[in-house]
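Which chain is which? The protein sequence lines are A and B, in order. Residues 1 to 995 (the numbering used here) make up the first sequence, in order. Residues 1 to 521 (the numbering used here) make up the second sequence, in order.
Just so you know, these hints were derived from the structure itself, not from any lab. Just so we're clear, the structure is a prediction, and the values are computed from it rather than from any experiment. Any given hint might turn out to be false.
Stated by the list, open to error - Straight-line C-alpha distance at most 27 Å; calculated DSS-like pairs for lysine-lysine:
#1 A:Lys575 x A:Lys49
#2 A:Lys310 x A:Lys819
#3 A:Lys268 x A:Lys709
#4 A:Lys117 x A:Lys69
#5 A:Lys249 x A:Lys828
#6 A:Lys310 x A:Lys252
#7 B:Lys490 x A:Lys911
#8 A:Lys330 x A:Lys249
#9 A:Lys249 x A:Lys382
#10 A:Lys964 x A:Lys819
#11 A:Lys811 x A:Lys911
#12 B:Lys335 x B:Lys270
#13 B:Lys270 x A:Lys558
#14 A:Lys558 x B:Lys48
#15 A:Lys117 x A:Lys268
#16 A:Lys831 x B:Lys475
#17 A:Lys517 x A:Lys118
#18 A:Lys503 x A:Lys382
#19 A:Lys709 x B:Lys270
#20 A:Lys828 x B:Lys516
#21 A:Lys831 x B:Lys490
#22 B:Lys37 x A:Lys770
#23 A:Lys523 x A:Lys610
#24 A:Lys770 x B:Lys516
#25 A:Lys330 x A:Lys463
#26 A:Lys770 x B:Lys335
#27 A:Lys577 x A:Lys767
#28 A:Lys288 x B:Lys490
#29 A:Lys575 x A:Lys382
#30 B:Lys516 x A:Lys831
#31 A:Lys382 x A:Lys246
Below, each chain spelled out in residue letters.
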Amino acid sequence: MKKHYRLLVVALLALFIAGSAKAQEVVVNGKVQDASDGTALPGVNILEKGTTNGALTNSDGDFTIKVQKSSTLVISFVGYTPQEIAVGEQTSVKISLTPDITQLSEVVVIGYGTVEKKDATGAVYAVSSKDFNKGIIASPQDLLVGKLAGVQVTSNSGAPGGASTIRIRGGSSLNASNDPLIVIDGFPVDNSKNGTDPNPGQAGVVNILSSINPNDIETFTVLKDASATAIYGSRASNGVIIITTKKGKDGKPKFTYNATVSIASPIKYYDVLSASEYKKLVTDLNEKGFSGIDATAVSHLGNSNTNWQKEIYRNAISTDHNIGVSGSYKTIPYRLSYGYTNQQGILKTTDFDRQSLNLNLNPSLLDNHLKIDISAKGSINKTNFGNTDAVGAALSFDPTQPVHASNEYGGYYTWLSTDGTPNKIATSNPVALLNQTDNRSTANRLIGNVKVEYKLPFLPDLKLNVNTGYDVTKSSGLNTSPENAAFKYNTLGSGRRNDYNAKNHSELLDLYFNYTKTIGGSKIDLTGGYSWQHFTRQNYNYDRNLNGSVISDSSRYKNENYLVSFFGRLNYTFKDKYLLTASVRDDGSSKFPNNQWGLFPSVALAWKIKSENFLMNNDLISDLKLRVSYGQTGQQDIQSNYPGLATYQIGKINAQYQFGNQFYQTLRPNAYDGNIKWETTTTLNLGLDFGFKNDKITGSLEIYQRDTKDLLNYIPISLGSNFSNFLNTNVGSMQNKGVELTLRATPISTGTLTWNAGANFTYNENKITKLTLTNDPGYTGVNASFISGGVGNYVGNYNIGFPSSAFFVYKQVYDTNGKPIEGLYVDKTGKGGDISSSDLNRYHFKKSAPNVMIGVNSRVNYKNFDFSFSGRFSLGNYNYNNNLSSRAYYGAIYNQSGFLSNVPSAINDTKFANAQYNSSYYVQNGSFFKMDNISAGYSLDKFFTSKLKARISLTAQNAFIVTKYKGIDPEVSGGVDNNIYPRPRTFLLGLNLTF
Amino acid sequence: MKLNKLNIVSALIVSLGLTACVNDLNVTPIDPNLTTKDAAYNSPLAYKEGLAKLYAAFTVSGQQGPSGQNDISGIDEGFGTYSRAYWNCQELPTDEAVIAWNDQTVKNFHWQTWSASDVFITAMYSRAIYTATLCNEYIRVTAGNTDADIVKYHAEARFLRALAYYHGLDLFGNIPFTTEKDPSATKFFPKQIDRADLFTYLESELLAIENDLGAPQFEYGRADQGACWMLLAKLYLNAKVYTGTEKNTEAITYLNKIIGSTYSLATSYKNNFTADNDKSPEMIFPITCDGTYTRSYGGTTYLIHACLGGSMSESNFGVVGKWGGLRTTSALSSKFTDLSGNTDSRAMIWTDGQSEVINDIGTFTDGYGITKFSNLNSDGSPAIHHSDDFADTDFPMFRLADAYLMYAEAVLRGGSGGSLSQALDYVNALRERAYGDTSGNITSGDLTLDFIIDERARELYFEGHRRTDLIRFGKFTGGDYLWPWKGNVKVGTSTPSYRDLYPIPSNDLGANPTLKQNEGY
């Protein structure tokens, strides 16, 4: 199959095999310097005109080149006007290059290549290190928070080293992954979290990016529209983030050293009743004869006064050190860096410790014809996960009980059952949960890749590229609790020992060529190639009590998948004004056995209006470019690796069945869809790039519509047709529409004072346009957003015409004072009876995704001082306040098995007797402004010696939040606010040294 | 030109690599626990393991135990196990049981206010049809196989399919229906079958496999002829509800076969509900559970933990964890004259700290507790595969006592082939065991249908029969018979008769456009 691709390969090979010829030569020595200040220019390109013979200047600006007699040298360097010099009889030349302001252009990385920002036809945005967020940033994605329109980065919790959720333009899938593709130095990394449910921490890595040291990152490039992303085809529907790490520069070794020390503390505590308030409430309820709160309940009250939240949180100290050296060894530019991060979590016993080593070597050989980029990133990540159950337990544990008690359970106060053993359904002592849990893992990761670019000697316009890489993560961990841990009580032997390990690896091979040619006013840039990637994941978990007599889990899994792709892209520029990009990717995925191949094309046009005569001399408008793109991308990232194969699952040890006296493993046919295929997203994007007043103000406006069809959906199927009631299959469509505006301005720029400011604005609207095979009006959709409290309760739902993040609740009825009336809901169907017995009475009410996000940032440099801040608005996002709904009712106070639970003070707002999980009351406005960081710094050109430059900075991270939301933090990934490890506020002192 | 040689070599590697790479897309599972359909039945043991799944599907949630790799979705795995979903559908809407929890719409059961979107009802519906679909596949795989063991497996698969479809027939009436002749795992819309047609089909299936099944009690846990006769008898006894025609004579025919077989009453009533109840000679068809090897949050694990609460002591039941859920209403407890169990030992009722009156279903101490199921052996020793969390006790789906009472009822309903005096003997055999002597025996004058429905409650409460029984007696809906909180009113109120059938779940109506909703919903 796919024979036409073979032709392409053969053509490539023919070019490879051909040789090169050489003629008579003379040696020329020279030096290149900057015409403005006379400094030597390293890395300047010297080329014998009409040939591919070339050389580079060294760190002192010197070069040597063998050329033919009476030839001409072309000297070129980015940012300078090129010069030509006739060699004649000279053997030594001195060249001064003039900086070319108009030539200074931003080059952005795109898939399988680079493009000058001014020539980009797609929605491509880059954030470079100088614009990154400041603060204690253990995880690279946090650098991006609030920086780009259309890119939402939400850290899932305040846990050290924890993961974030990234959504570009709202996400295009329902059940398949909504994570963007992340490409690190040309290596697309596996998005899947190697975790076994139900505990995501099991495999030891909670965050695919936490093993990358943020200090090593040079730029993030975000590809948003189909024109930019379609070259990544099947994995590009949710956008692409390309991470480029810092590379070595020619010259003498340059050292950098950064260090920060920080202190983090909880922003606030959840408002629950104090011991005296609680005591009063319980006795009052008993006196009033509240159902279930009898004399026995009152007798359980203690005499202590414990603030359980204060008992589990702390001020956390963290340090971060990075040392890097870059330069060139002979002709090999290098950069080597070492980073050490030790981050304490504000929840006691949690921390994250990472050592990272990053090496980049970028030699050029064969007179610059062979460029090699070697990149290796290694890290050792040690995480102490602690026991985050303590977060919720601290809100619920009876404040009248002491932390410690004299007993056989490690001296921690414990709720007991009637027969004197720990009450298994009672809240566990939060302090015991922390102190009697040792839950730590080590994950070692290595990403290495080698990129070789070979410029053909006889056809320098053609470059051949090979990129091979390997990404491996090995992790192992141990979660133990001692024999006397009440929360791990078992009559056959208490305590816990859980060993686990996991290994994920992926191998990559890319082969592609790039051909550029300028003929008259036409410029062609053609890229084509082949990509192969293989992913393997394996995991082992063994969980039992301390003496090994009770095995709760003994399992392992192993799976793999392959992606094979052919791709091509044409950039055509006419008269440097009219630009065309067309790309196509033919992707093969092993996940779809009968529909392996998916074709994803895109086309884009751009018009550099500024270059037209009528604008050329306009002083107000310094840049204007109109872009339009249309294309398709695919999605195949669903959890199952064999959704289209008829497979049988062998049951595990605990799922056997007894015949006679013998137990038999079970053999189950799994549900599958033999015709499962690609999910396809079609994106139309309109973009306008503009600059005013000599680019003092620049910006971009994007308008897009994305339609996803054949959604890879896990939905109910007709019973009897397959081996389950739900199936991974292609049903449904979804639409995202939005507007994005990015603005950058330099209002002041004098010698001593510079002020840069930026803002980005995002509006996205999402709705499901098709969900099932039929359109039955009685069909209530697919439930989502499962909550804590009761079993299986949910407050979300996918249905046609509504956003995928819509809440799905009964509409609360309020009294004249605005208080919710317990159990009274709007009768939507008008059928009367028990309103809350039918989902048909539920409303799609608000949604967790924001309507509008605005990011703002500013940086002022005055002499040696700098001051910057970065903040974010998120408007129209709602949260389901699960912390309240599962706790704030009187019925939650006493459980008849004999234990008390504290309630939030907000119980006074509702005075509910029973749980009202499905009330719209708990869907609360989570709009906010967050000041993500404020930083002030002072730079010293001379620090002790003239060779040492320094910057000292002071930063407040997560400085303040403005919100009406009643929970601790309005920013909740997924919208269900429940027992989240709180994000702390952090103050940092930083020192940067360069020498 | 060293470089050129290098180029040639790399070119060769590349072109070989490309071909290989495209073929890489054809994968087969590398997980040792996952196999392709073609390789699945590679040994005689594999056939038995395939059969074991069909049985396990009645109590385990999936392939991991107690949860994980679940068979069906859209429901909590514990609530979604077959045995628990079935029990809830059969017991919670009746006079026998209330549940305290706030889990979704679970309280709607007792109030009889459920809707077509109810997840618990959806779970039961999905379980029944899923299990039948599993059986279809196994029946296809084993069809035509003449190996003596596999012939038996094949018949058992047909029995289990009939059992699952019987539950569908009883609970939902008109269900989408497939057999081994339908396609396997493709997109199609199974057609709904009329309740009466499904009755005929099940009758013919059970009659067809009767002789292929093993003799009664040939191997514990397996469906044998006794199970087949019992299911036939249940079909016939309820035939009026399912088809409009009485079939009490046919019921008596098969009840006679059971009673005349190798079964006998356990010496003690409670021995049917302990961890060693696999030893009970009364057991006709169990759903087996095991603390180590057959773990789920359904079956007796659910019944034992959920019944525990208040002042009960867990150690008396061989588990740790009082889930504080299930109690009974005064309608059941008042059927016993002495709740202590000293008179009628079947009164396994907990009153300490509990009130008989239910003011709030959500309060565990409202309503008397039930102490019928235990994870200790009959002598009080721990179960052989004891676990604090998972019960060893098997769930008695069919037992001899039930057959005795069915016999009496069929005779009272006018079936021939039995006698009233025989019926009285069978009923008194149960009562003698319960009372320990003849003091509780009844006279022939006492033996009426009204007595039978109450006696069935006393003998079989919490065993998953009550809804079917009440419907057969016309007492489930309507206002003839009220119990606390029926119709969501404390003293009970009349409910509409369409609730004798559960609705076809809206999920399936959305996925299968050929389905028609049951009347009233």
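Structure-based check of each hint:
1. A:Lys575 x A:Lys49: holds (24 Å)
2. A:Lys310 x A:Lys819: Roughly 31 Å separates the two Cα atoms, so the pair is violated.
3. A:Lys268 x A:Lys709: violated (44 Å)
4. A:Lys117 x A:Lys69: violated (39 Å)
5. A:Lys249 x A:Lys828: violated (67 Å)
6. A:Lys310 x A:Lys252: Since the Cα atoms of lysine 310 of chain A and lysine 252 of chain A sit roughly 52 Å apart, the hinted pair is violated (cutoff 27 Å).
7. B:Lys490 x A:Lys911: Within the cut-off at roughly 23 Å; holds.
8. A:Lys330 x A:Lys249: holds (12 Å)
9. A:Lys249 x A:Lys382: Given pair lysine 249 of chain A, lysine 382 of chain A is violated - Cα atoms ~32 Å apart, limit 27 Å.
10. A:Lys964 x A:Lys819: holds (17 Å)
11. A:Lys811 x A:Lys911: With Cα atoms ~18 Å apart, lysine 811 of chain A and lysine 911 of chain A stay inside 27 Å; holds.
12. B:Lys335 x B:Lys270: holds (18 Å)
13. B:Lys270 x A:Lys558: Not OK: lysine 270 of chain B and lysine 558 of chain A at ~46 Å, beyond 27 Å, violated.
14. A:Lys558 x B:Lys48: holds (26 Å)
15. A:Lys117 x A:Lys268: violated (44 Å)
16. A:Lys831 x B:Lys475: Roughly 25 Å separates the two Cα atoms, so the pair holds.
17. A:Lys517 x A:Lys118: holds (18 Å)
18. A:Lys503 x A:Lys382: At roughly 16 Å apart (the allowed maximum being 27 Å), lysine 382 of chain A and lysine 503 of chain A satisfy the hint.
19. A:Lys709 x B:Lys270: Status violated; Cα separation ~59 Å.
20. A:Lys828 x B:Lys516: holds (23 Å)
21. A:Lys831 x B:Lys490: holds (22 Å)
22. B:Lys37 x A:Lys770: Distance ~33 Å between lysine 37 of chain B and lysine 770 of chain A Cα, so the pair is violated.
23. A:Lys523 x A:Lys610: Judged against 27 Å, a Cα distance of about 19 Å means the pair holds.
24. A:Lys770 x B:Lys516: holds (22 Å)
25. A:Lys330 x A:Lys463: Holds, at about 25 Å.
26. A:Lys770 x B:Lys335: Given that 27 Å is the threshold and the Cα spacing comes to 54 Å, the pair is violated.
27. A:Lys577 x A:Lys767: violated (37 Å)
28. A:Lys288 x B:Lys490: holds (21 Å)
29. A:Lys575 x A:Lys382: Distance of about 55 Å is beyond 27 Å: violated.
30. B:Lys516 x A:Lys831: holds (20 Å)
31. A:Lys382 x A:Lys246: Holds. Lysine 382 of chain A to lysine 246 of chain A sits at ~24 Å (cutoff 27 Å).
The structure fails to meet hints 2, 3, 4, 5, 6, 9, 13, 15, 19, 22, 26, 27 and 29 from the earlier list, while all remaining hints are met.
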